[in-house]
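Undergrad: These are the residues of each chain, in order.
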Amino acid sequence: MMLPAAPQIKSFTPRPDLPPPVGAVGAIGWLRTNLFNGGFNSVLTLLCLWLLYKVVPPISNWMILDACWVGGPEMCGQSQGACWAFIWHKLRVLLIGTYPQEQLWRPSLVGVIFVLLTLATVSGRFKTRHLLPAWLFLPVLSFWLIGGGSVGLPVVDQSNWGGLMLSLGLAVVGILVSVPLGILLALGRQSSTGIIKPLCVGIIEPIRGVPLVTILFMASVMIPLFLPADMQINNLLRVQIGIILFSSAYMAEVVRGGLQAIPRGQLDAAKALGLNYWKMTLLIVLPQALRHVLPSLVGRCIALFKDTSLVIIVGLLDLLGMAKAAAQDQEWLGHNAEAYVFCALVYWCICFSMSRYGRSLEKRGAQQTR
Amino acid sequence: MESREVIIHIEGVNKWYDTFHVLKDINLQVYRGERIVVCGPSGSGKSTLIRCINHLETHQKGRIVVDGTELTGKVKGIEKIRSEVGMVFQNFNLFPHMTVLDNLTLAPRWVRHMPRSEAEDLAMQYLERVQIADQAPKYPGQLSGGQQQRVAIARALCMNPTVLLFDEPTSALDPEMIKEVLDVMIELAKENMTMVCVTHEMGFARTVADRIIFMDGGEIVEQNTPEQFFNNPQYDRTKLFLSQILSH
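The listed protein sequences correspond, in order, to chains B and S.
FYI, the numbering for the first sequence is 1 to 370, going by the working numbering.
FYI, the numbering for the second sequence is 371 to 618, going by the working numbering.
Hints may contain errors.
[To be verified] Using 20 angstroms as the maximum straight-line C-alpha spacing, the simulated EDC-like pairs for lysine to aspartate or glutamate come out as follows:
(1) B/Lys279 / S/Glu449
(2) B/Lys271 / S/Asp472
(3) S/Lys560 / S/Glu546
(4) B/Lys279 / S/Glu404
(5) S/Lys446 / B/Asp268
(6) S/Lys560 / S/Glu449
(7) S/Lys444 / B/Asp66
(8) B/Lys271 / S/Glu454
(9) S/Lys560 / S/Glu550
(10) S/Lys446 / S/Asp472
(11) B/Lys127 / S/Glu550
Since the hints were derived computationally from the structure, they do not count as laboratory data.
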């Protein structure tokens, strides 16, 4: 009798990866997929190219080729293009307002410290627990240096603070206070106990329901009416508080979105390990929630910085206010456009940097997503 | 067997989700070193029952006493019990923003106030035991499901728990990864860890359990030794369940 042959076991080897077809990658592939995929998009691309051809040369002529870079008002009068000498002439006012010239070193020093601290933060080489105290200390130091009044520094009245310095000051303090305040409001809104939730909703919703302009007017005009005469808070502080309240209400809603994205299992696991509410919130919930909403949080910070330009309506002269004021100068009439273009450039540089920094933070966190 | 120490004492426990009666008059004693497997159809209240043991769910009637501490609404008592009762979840629930090592050292450091280096030594010891010490610096998202679940077991062990609760620990795993997790659990059982395990792994139940509890409709229908449970079930409901689960 014949025995059946022993079944031969086959060995499975995965096939090697092949390169993609030609034309799908590289420069031509990119052009094809992004600019000329289909008739409609090809037409749009050509239309855009024509528009650029029409618009770019005149703008670059005005801004660069025909521009007057040095000299006085007379020189500018003769040139066809922009008068950047005007900006150069007004630079000090645009940056620090009417701050006395002989005390210039004080805001300059604050500016240098601010730039160094920003670079240190952006570099990513320092730990948050070292950077955070530095950022919290910065406003105190700046206030003390710029305001003066002690150790021989003459007092500089707040009516002289202005320009970019004022914009950045309002924005930095606004961000530093409204992010934690917004987080607390968001946590409070999630709370299930007692009065905390209605209290937080009662703060968030009315503030979100009115425009910032209204809040600034209220802070600047209404509050002094209600307070007794001997208890006046200065205008700048009132405006700052208004900005902080407005911003924290929005931050709270952004953070709430992040809190809702945390799976319940994360809370179960944290509780099962014996963590109490605050440890769970600080170690497990917030790090994940804030990472989820980082893009919108950065968006809110950028919006806050831009919103500071609204303080002009209550008589504070920030960068935009100063630009407007500078354009009224009798000697330099007719340079509105230059002033606004300069402002736009400054705002764009700062906001774009914030946006890029936000992106880099997202990337740093992205490796951990699952 | 009356001399054995009772670790979990559940007496007349009832629970409702709104008007839905999930747990109906549950009575159960778990002794030190005992391995209990809880099984039953979905919606039978098994997960709810073990989640009541560390107060992730609150019961509305009856008493639950864990290692001498009664579970009431008092926060202090709950946190103490939770630090003594380890739990392993179906979806692992590792903290995705922390490395494996940080997942393990979190509770020893923040609940037990252990110095960092000591906590890390402890963590490495347990990672060694579940055989993934080399994954310590990675993030949970970089691991396979089986590896994540073993990390979750190690995380629970780091608190040196009196009891370990398992809530369907292999249900979310690919078939090829179930064994590596069950092997770790069998190891633990051999070391006399007190375990309460909700699972559908009947092979595991047969070899490891001291007692199998069968639940349906929020009640404990039947509890018995594995041998009696599989070979000589007392209720028709149990027979039906076994025929359903063992036939495929």
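Undergrad: Determine for every hint whether it applies to the structure shown.
TA: Now for the hints, and whether the structure bears them out:
no.: 1; hint: B/Lys279 / S/Glu449; result: 12 angstroms, holds
no.: 2; hint: B/Lys271 / S/Asp472; result: 16 angstroms, holds
no.: 3; hint: S/Lys560 / S/Glu546; result: 23 angstroms, violated
no.: 4; hint: B/Lys279 / S/Glu404; result: 33 angstroms, violated
no.: 5; hint: S/Lys446 / B/Asp268; result: 17 angstroms, holds
no.: 6; hint: S/Lys560 / S/Glu449; result: 28 angstroms, violated
no.: 7; hint: S/Lys444 / B/Asp66; result: 78 angstroms, violated
no.: 8; hint: B/Lys271 / S/Glu454; result: 12 angstroms, holds
no.: 9; hint: S/Lys560 / S/Glu550; result: 16 angstroms, holds
no.: 10; hint: S/Lys446 / S/Asp472; result: 25 angstroms, violated
no.: 11; hint: B/Lys127 / S/Glu550; result: 38 angstroms, violated
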